[in-house]
Every structure is written in structure tokens, then in C-alpha cells.
Amino acid sequence: MNQSPPAEPLEVPPKGILRDYLETIVTCVIFVLFARTFVFQQSKIPTGSMIPTLLIGDYIMVNKHVYAPSSFAWEKKLLPIRDIRRGDIIVFKYPEEPEKDYIKRVIGLPGDVVEIRHRQLYLNGVSQTEPYVQHIFPPGTNLDADDYAPTKVPPNSYFAMGDNRDNSRDSRAWGFVPRDYVKGRAFAIFWSYEEERDAYLRTSLTERAAAIWSKITHLFTRTRWSRSFSLIR
Numbered sequence: 001m002n003q004s005p006p007a008e009p010l011e012v013p014p015k016g017i018l019r020d021y022l023e024t025i026v027t028c029v030i031f032v033l034f035a036r037t038f039v040f041q042q043s044k045i046p047t048g049s050m051i052p053t054l055l056i057g058d059y060i061m062v063n064k065h066v067y068a069p070s071s072f073a074w075e076k077k078l079l080p081i082r083d084i085r086r087g088d089i090i091v092f093k094y095p096e097e098p099e100k101d102y103i104k105r106v107i108g109l110p111g112d113v114v115e116i117r118h119r120q121l122y123l124n125g126v127s128q129t130e131p132y133v134q135h136i137f138p139p140g141t142n143l144d145a146d147d148y149a150p151t152k153v154p155p156n157s158y159f160a161m162g163d164n165r166d167n168s169r170d171s172r173a174w175g176f177v178p179r180d181y182v183k184g185r186a187f188a189i190f191w192s193y194e195e196e197r198d199a200y201l202r203t204s205l206t207e208r209a210a211a212i213w214s215k216i217t218h219l220f221t222r223t224r225w226s227r228s229f230s231l232i233r
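Residue numbers (my numbering): 1 to 233.
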């Protein structure tokens, strides 16, 4: 009996190079959108309220997942999530205008008693050492910054202040940050660009276009390379 020759394997037609590129781009876009929506957020520092830790023109990354609520103890052991701690630099919805984002350092946790005497911070009656704090103006220039009566932080709330105590509108002025207003923790500076102090006030289309062109033409001379790609502490 004559045996038929073995069937040749079917050849899978190669995908086109253009299709490969498109699939790669789509995959990257989906990943970036997912990360931006659920994990990370980018923000720009518009004012000097966090000097010297954060400067005007710092572009930062915010971890939106680190404070995610957890129902089980094992979640905090296996997943990179935790509770808000004193000293964390957080991004949150500004209580007086929730459509705006603010960035400050957490000073008081729920139950803490916060007090300021002659610019010295006290937590639960104990004087605190704050190496990150800066006072730009002479003593007595900003009386609201110099003293703050003992105040207990309510449940599910936080007391937050800027590191530049003389030039920061924070919990001393508008009260506490509700827990559900906290959007995430600032953890890295991915780019730092030397901007004018009033750049955030230029909001017209023409001014924005001019700002973009300025960044393009001065990219190498105004980028603060020593701060770019650094962790926030």
C-alpha cells in the first residue's frame, strides 16, 4: 500500500511590523492609563509652601495605592499598603475647594494634640525636632505661624502643615484633612524645572503656550538635574 507523504506543517503568516508596533503601543497606553488611574498620579509644585523639601517647578509622582483601605491583616503584609504616618507628604483635596489638590506634610494623627508655641511644635505636650522646617521671614512676621493653641485631631482626620511654615496656608488656617480627602503619598521627583515664583498665576492660553515654549527652549539650562529622579523625604 502506498503511503501518502506526511503533511507539511501549516505556516502561520507573520504579523506585519506595523501591527507589532500598534500592539506594543496599545499595550503601553493601557498600562499607563491603568497605572495613572489606580496606582500613580503626577503633580507639579506651584508654590513655595513646602520649601526646602519641594521647590516651585518640581514635578512629582504620587502613590495613590499606598493608603488603600484593607479588610484583612494579611493584605498589609503582602501588598505595599499601609496607614498614614506622621511625616508623610500627602496630596489631598483642599477642604475649602475640593476640586483643587494640596500637598503638605502630616504632622498630627487622629487623637494627637497639636500645639505651636513661639514656632516650636508640640505633639501631645512633647517638643518635636523637625529638621525639614524652614522659616523664611523674621520672627513675628506671621503671628498665625508662631503660635497655635492645643487642638486635638478628631477621628479620621489629619493635621497637615507646609515645611515652609511662614509661607504655608495649611491646617492652622483651614482645619483638618479628612481621611477620604487624601489621594496619596508623594514619593519621588521625576523632573525639577526652575520656574518663576508666579508661574502658577499665568492661566490664559497664550501664557500657557509661552510657558511650554520656555520649557522647550530652556530645558537643559533650567532643569535642576540634581533634584530630578530623586526620592522625596
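Treat the hints with care, since some could be wrong.
Calculated cross-link-like contacts (lysine-lysine; reagent style DSSO-like; alpha-carbon spacing at most 30 Å) [what the hints assert, rightly or not]: (1) 44 x 93; (2) 64 x 215; (3) 100 x 64; (4) 152 x 215; (5) 93 x 152; (6) 183 x 44; (7) 100 x 152; (8) 64 x 44; (9) 64 x 93; (10) 215 x 93; (11) 100 x 215; (12) 183 x 64; (13) 64 x 152; (14) 44 x 215; (15) 100 x 44; (16) 152 x 183; (17) 183 x 215; (18) 100 x 183.
It is worth saying that the hints were derived from the structure and are not from the lab.
Since we're looking at a predicted model, the values are computed, not measured.
Here is how each hint holds up against the structure:
no.	hint	verdict
1	44 x 93	15 Å, holds
2	64 x 215	28 Å, holds
3	100 x 64	16 Å, holds
4	152 x 215	45 Å, violated
5	93 x 152	21 Å, holds
6	183 x 44	15 Å, holds
7	100 x 152	26 Å, holds
8	64 x 44	16 Å, holds
9	64 x 93	13 Å, holds
10	215 x 93	28 Å, holds
11	100 x 215	24 Å, holds
12	183 x 64	6 Å, holds
13	64 x 152	27 Å, holds
14	44 x 215	14 Å, holds
15	100 x 44	12 Å, holds
16	152 x 183	23 Å, holds
17	183 x 215	28 Å, holds
18	100 x 183	12 Å, holds
Checked against the numbered hints above, the structure violates only hint 4.
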